[in-house]
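Participant: Those sequence lines, one after another, are chains A and B. Take 1 as the starting number for the first sequence in our numbering and just add one per residue. Take 1001 as the starting number for the second sequence in our numbering and just add one per residue.
In short, the hints are calculated from the structure, not lab data. Hints are not guaranteed to be accurate.
[To be verified] Okay, the calculated bits of chain B under chain A, using three or more residues with CB under 8 Å as the criterion:
hint, segment
1, 1010-1019
2, 1037-1049
3, 1053-1061
4, 1073-1085
5, 1107-1121
[Stated by the list, open to error] If you only want the chain B side, here are some residues facing chain A, beta carbon under 7 Å, derived:
hint, residue
6, W1029
7, S1065
8, G1069
9, F1070
10, E1091
11, L1093
12, A1095
13, V1099
14, V1100
15, H1102
16, G1104
17, W1133
Glycine included, C-beta positions come from ideal geometry on N, C-alpha and C.
Below are the chains, spelled out letter by letter.
2 protein chains.
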Amino acid sequence: MAVKPKVSLVTLGVRDVDRARAFDECRGWTASSDQGTLALCALEGGVLGLFGWDDLADDAGLPTSHGSGFRGQSLDHNEPSPQDVDRVFQEFLEAGATVVKHPGRTPWGGYSSYVADLDGHLWEIAHNPFSDWT
Amino acid sequence: MAVKPKVSLVTLGVRDVDRARAFDECRGWTASSDQGTLALCALEGGVLGLFGWDDLADDAGLPTSHGSGFRGQSLDHNEPSPQDVDRVFQEFLEAGATVVKHPGRTPWGGYSSYVADLDGHLWEIAHNPFSDWT
């Protein structure tokens, strides 16, 4: 049997679950929390989990909970037009995200920006005229 | 207007795109690559991107491409039974993943394991009897 090609849940380690939940709710996303230490945000086609940074490390049995530098990962949110990218980029900033890269044209013909959320997780907000992932 | 609750794409920075693509294909996942430096793996409800570690840092305009320690993130793959977790855990290992936490019962009544893929990205392989995310 093969393994179903599915990521059931993306879990982000966060310093303060309530703060991260408010960050998501600022963008109109609905987050539920059933245990106080874990928030779940239903997505189209998946679930985004917000879990205490140390709790997530403990859950995996990892000896250290503090990393530094580039994490080699981005969560990409695509929009149907460059104007929508500009709007959503601003909405992320208003929710407390910090600018990593301002919106602009890319060499491959798209339009892209990057922000870091409250816990430093990298989000790309992009328009891709060749693939409709909106 | 609100922001659609959607992560369009999860992009993992990897040291060798072809190697990471083979890792995914070992599990029966189909990865396509249109530029040689980026592989895309269609998921149910999303896309998993494999992108050169340094390329991803460059794309975000980040000054350093090397991080260390816990990254505060896991990609969770849920299965319908503990037996399926055991099987998929083995399939990940056969594809080259390393053990982070062997499968076992969790305090919250589930059954869970963790592995690290070829580039150190954390995957949880779990059975959750309370939420069907399979």
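Participant: Can you give the numbers of the hints that this structure goes against, from lowest to highest?
Facilitator: Per hint list: 11, 12, 13, 15 and 16 violated.
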